[in-house]
Every structure is written in structure tokens, then in C-alpha cells.
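Student: Single-letter residue listing:
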Amino acid sequence: VQLEQSGPEVREPGESLKISCKASGYTFTHSWIGWVRQVPGKGLEWVAVVDPHSSDVIYSPSFQGQVTISAEWAIATAFLQWSHVRSSDTAVYYCARPSRGLFHGLDIWGQGTLVTVSS
Amino acid sequence: QSVLTQPPSASGSVGQSVTISCTGSSSDIGGGYDFVSWYQQHPGKAPTLLIFDVNKRPFGVPDRFSGSKSGNTASLTVSGLQADDEADYYCAAYGDTDNLEVFGGGTKLTVL
Chain A
1 VQLEQSGPEV
11 REPGESLKIS
21 CKASGYTFTH
31 SWIGWVRQVP
41 GKGLEWVAVV
51 DPHSSDVIYS
61 PSFQGQVTIS
71 AEWAIATAFL
81 QWSHVRSSDT
91 AVYYCARPSR
101 GLFHGLDIWG
111 QGTLVTVSS
Chain B
1 QSVLTQPPSA
11 SGSVGQSVTI
21 SCTGSSSDIG
31 GGYDFVSWYQ
41 QHPGKAPTLL
51 IFDVNKRPFG
61 VPDRFSGSKS
71 GNTASLTVSG
81 LQADDEADYY
91 CAAYGDTDNL
101 EVFGGGTKLT
111 VL
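Sequences listed follow chains A and B, in order.
Going by our numbering, the first sequence opens with residue 1, and the numbers climb by one from there.
Going by our numbering, the second sequence opens with residue 1, and the numbers climb by one from there.
Please keep in mind that the hints were generated in silico from the structure rather than gathered at the bench.
Be aware that one or more of the hints could be misleading.
[Unchecked claim] Examples of chain B residues lying across from chain A (beta carbon under 7 Å, computed):
#1 N55
#2 P58
#3 D84
#4 Y94
#5 L100
#6 F103
#7 G105
#8 G106
[To be verified] With a straight-line cut-off of 27 Å between C-alpha atoms, the simulated DSS-like cross-links for lysine-lysine are:
#9 K45/B to K56/B
#10 K56/B to K69/B
#11 K108/B to K45/B
#12 K56/B to K108/B
#13 K18/A to K69/B
#14 K18/A to K42/A
#15 K42/A to K108/B
#16 K45/B to K42/A
#17 K22/A to K45/B
#18 K18/A to K108/B
Note that the Cβ used here is the ideal one computed from N, Cα and C, for glycine as well.
With the rest of the complex left out, here is chain A (with noise of 0.2 Å):
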């Protein structure tokens, strides 16, 4: 089992941005999948989480109308977007799936994609 993330992305601010994330070893349908973001030398904080049997999607506040996710079931990839992105949305970005079931821990990672913002 594994979620394997796209590569590292520089942007200008204002650009548009997508990233993915490929799971590989399950059934993709079977349990949600979401992403977290790591500003660098900061904490993690949840970002958005999809369903993708269902797409019933969950956001963080802070992050609700900043960024869209969503997932496509027929390539087991999981997405994150952004119309304009902002040099504040400088950070890595994990996926990460709950096996077990949503809030019972992310047991599987991926292995990060760093986006910058920089004009």
C-alpha cells in the first residue's frame, strides 16, 4: 500500500496549481483520503479530505474556498488545487489515507510535495 505523490512545483503568485497523489495496493474506494499541509519549520495542519466512493468532501476552515479537492476513482489519484495560488501557500503538502476509517489515525503517507510561491 501506497500513495505516491507528483513533484516539487514553483509557481507565481496569481497561477493556477494542481498536484497528485496516486494510491496503489488497495481499493481506492474504500476509505477516504486527504491532505495536510507543513509550512516550513511549522506544524502540520489538516487542509481537506475527500471520499472517493461518495466525493462527500470535508475542509478545514482556514482552508474552505482556497483550495479544491477531489478524487478520480478510475486512476486511483486524489488531487489538490488551487485557481490562484498565494506565496503564503508555500509548504509541503502530504496525502495521507485512514485506513482504519476518517479520525482513527493516518496510517499511510505519501512523501510530500513541496510547492513555492515566488514571485
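Chain B: place on chain A using the hints.
Tutor: Leaving out everything else, chain B in the frame of chain A:
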């Protein structure tokens, strides 16, 4: 600003035990939900799950790591400290305010 409060640092000598606290409120840790998790993160690496559901350990996590909860505070105890335990530790708990988990600010554990 984290909803869950952790001490920024903790330390202990090799072989000793150390306990890290995580204080929340009646809306999360003290809310009657046993949805408390602990994570270990080494520099430059993704976090790994140490404890889930307050005191359960995933397969492969040594029993030197244990979790507990009392009132609005959860705790992680690391017994028999080893050099490799030096890392950042984060708690997380379900909060009914936002219907999502929240993380603590993290504790940097130094093994002397």
C-alpha cells in the same frame, strides 16, 4: 494557531521515559470521542502514525510508545528512550466544531 496545545520541547536521557501532553477542550479531546492520534516526524520525512484511538498502536510500532487521555488532555509516553526517538511529535484529535481533526503545534523531543 493550533487548537491543541503541546509543549514546544521535551527531553530525556537514553533509557529514561518522557511524557508529552496535548491539551484541548470539551469540543475535541474532552468531547467524549476517542479519536486521538500521535505522529512522529523525523526531519525531512513524512509523519508516521504511532498511536490511534487514544491508546492503540499500529502493527510494527514498539510498545515503548503508549497513549492515554484524561479530561481535555491526551498524553504520549515514550519509555526506554533511544537516540532514534529524537524527532517532532504531533497529537491530533477530532473536533466537533469543524467536523475534522485538528493537530497540535508539535513537540521537539531531544534525547540526551
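Student: Of the numbered hints stated previously, which ones are contradicted by the structure, given in increasing order?
Tutor: Failing hints, ascending: 1, 3, 13, 18.
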